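With the hints as your guide, set chain E onto chain P.
These protein sequences, in sequence, are chains P and E.
Numbering-wise, our numbering puts 83 at position 83 of the first sequence, and it's gapless, one number per residue.
Numbering-wise, our numbering puts 111 at position 111 of the second sequence, and it's gapless, one number per residue.
The set of hints was computed from the structure by calculation and includes no laboratory data.
Among these hints, one or two may not hold up.
[Claimed, not checked] Each pair of labels, with its calculated beta carbon distance range:
{"#": "1", "chain 1": "E", "residue 1": "5", "chain 2": "P", "residue 2": "69", "range": "41 to 47 angstroms"}
{"#": "2", "chain 1": "P", "residue 1": "14", "chain 2": "E", "residue 2": "26", "range": "38 to 44 angstroms"}
{"#": "3", "chain 1": "E", "residue 1": "82", "chain 2": "P", "residue 2": "14", "range": "28 to 34 angstroms"}
{"#": "4", "chain 1": "E", "residue 1": "84", "chain 2": "P", "residue 2": "54", "range": "38 to 44 angstroms"}
{"#": "5", "chain 1": "P", "residue 1": "82", "chain 2": "E", "residue 2": "3", "range": "40 to 46 angstroms"}
{"#": "6", "chain 1": "E", "residue 1": "41", "chain 2": "P", "residue 2": "67", "range": "32 to 38 angstroms"}
{"#": "7", "chain 1": "E", "residue 1": "2", "chain 2": "P", "residue 2": "51", "range": "18 to 24 angstroms"}
[Claimed, not checked] Over the 10 angstroms line for every Cβ pair with chain P, so calculated as not near, a few chain E residues:
{"#": "8", "residue": "11"}
{"#": "9", "residue": "12"}
{"#": "10", "residue": "13"}
{"#": "11", "residue": "19"}
{"#": "12", "residue": "31"}
{"#": "13", "residue": "65"}
{"#": "14", "residue": "68"}
{"#": "15", "residue": "71"}
{"#": "16", "residue": "90"}
Computed from a prediction, not measured in an experiment: that's the story for all the values here.
Note that the Cβ used here is the ideal one computed from N, Cα and C, for glycine as well.
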Amino acid sequence: DQQVKQNSPSLSVQEGRISILNCDYTNSMFDYFLWYKKYPAEGPTFLISISSIKDKNEDGRFTVFLNKSAKHLSLHIVPSQPGDSAVYFCAASDQAGTALIFGKGTTLSVSS
Amino acid sequence: DVKVTQSSRYLVKRTGEKVFLECVQDMDHENMFWYRQDPGLGLRLIYFSYDVKMKEKGDIPEGYSVSREKKERFSLILESASTNQTSMYLCATQYRGNQPQHFGDGTRLSIL
Chain P
1 DQQVKQNSPS LSVQEGRISI LNCDYTNSMF DYFLWYKKYP AEGPTFLISI SSIKDKNEDG
61 RFTVFLNKSA KHLSLHIVPS QPGDSAVYFC AASDQAGTAL IFGKGTTLSV SS
Chain E
1 DVKVTQSSRY LVKRTGEKVF LECVQDMDHE NMFWYRQDPG LGLRLIYFSY DVKMKEKGDI
61 PEGYSVSREK KERFSLILES ASTNQTSMYL CATQYRGNQP QHFGDGTRLS IL
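The following block holds chain P by itself, in its conformation from the complex:
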């Protein structure tokens, strides 16, 4: 049973617009959440994280929102750029904060 779900396999957005990637989780013990970006033939690159004591975290063009009651988090990219085209993985861990559970990924395509 998937504990971290990314229900949209792909997303297409125009350059300059907002990209919103979504992630749902089922385990209420998760309290640390991360987003990674992955280009083909490279390892995942850490983008942004959020702990369960917060509901929002920003880093430049990237903002992560956490809704604990809905067990839902989202990544907003504003404005989207062609270089953002990649696979985005959502991940979560419990209070120990070691092993990560990953979603299956969403492929973002940003067209110019």
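Below, chain E alone, put in the same frame as chain P:
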């Protein structure tokens, strides 16, 4: 900058062979991890280590073993390679719990 080095980018082996994948980090991180990534399945944890000579099974440890004799090096061993172990293998490190994991560029392993 965090540097995680995997010994090979591409590797081709035959069924039944014993295969070693090596991962080296230079950041003095406590925790190290081995994942495999398969299309449509995201990243799945094979094994991780939280200290020298310590290891924990992940979600899919069958057919694999690991070795961590020194803090900076974490090896993944396929005892008797099979075709269903053809995959992209990713090593990651983590300074400590509730911190991001940092990934190497991966080893694409083909078992013929």
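Going through the hints against the structure:
1. The hint said 41 to 47 angstroms for the Cβ distance between residue 5(E) and residue 69(P), and at roughly 42 angstroms that hint holds.
2. One distance hint, 38 to 44 angstroms for the beta-carbon pair residue 14(P) and residue 26(E), holds here, with the actual separation near 41 angstroms.
3. Taken as a hint, the range 28 to 34 angstroms is violated for the pair residue 82(E) and residue 14(P), whose Cβ atoms sit roughly 45 angstroms apart.
4. A hinted range of 38 to 44 angstroms for the beta carbons of residue 84(E) and residue 54(P) is consistent with their spacing of about 41 angstroms.
5. Between residue 82(P) and residue 3(E) the Cβ separation comes to about 28 angstroms, which falls outside the hinted range of 40 to 46 angstroms.
6. Between residue 41(E) and residue 67(P) the beta carbons are some 26 angstroms apart, a value that contradicts the proposed interval 32 to 38 angstroms.
7. Our hint of 18 to 24 angstroms for residue 2(E) and residue 51(P) holds, since their Cβ atoms are close to 20 angstroms apart.
8. At roughly 14 angstroms, the least C-beta separation between residue 11(E) and chain P is larger than 10 angstroms, which holds for a residue marked as non-interface.
9. With a cut of 10 angstroms on Cβ distances, residue 12(E) stays outside the contact zone with chain P, its closest approach being about 16 angstroms.
10. Non-interface status of residue 13(E) relative to chain P is upheld: no Cβ of that chain comes within 10 angstroms, the nearest being about 19 angstroms off.
11. Residue-level check passed: residue 19(E) sits 19 angstroms from the nearest beta carbon of chain P, beyond 10 angstroms.
12. Distance check for residue 31(E) against chain P: the nearest CB is about 6 angstroms away, which does not clear 10 angstroms, and the non-interface claim fails.
13. The beta carbon of residue 65(E) sits about 18 angstroms from the closest Cβ of chain P, which is more than 10 angstroms, so the claim that it is off the interface holds.
14. For residue 68(E), the condition that its CB be more than 10 angstroms from all CB atoms of chain P holds, with the nearest at approximately 14 angstroms.
15. No Cβ of chain P approaches the Cβ of residue 71(E) within 10 angstroms, the least distance being about 16 angstroms, so the stated non-interface status holds.
16. Consistency note on residue 90(E): stated as away from chain P, yet its beta-carbon is not over 10 angstroms from all of that chain's, at 6 angstroms minimum.
Violated hints, listed in ascending order, are 3, 5, 6, 12 and 16; each of the other numbered hints is respected by the structure.
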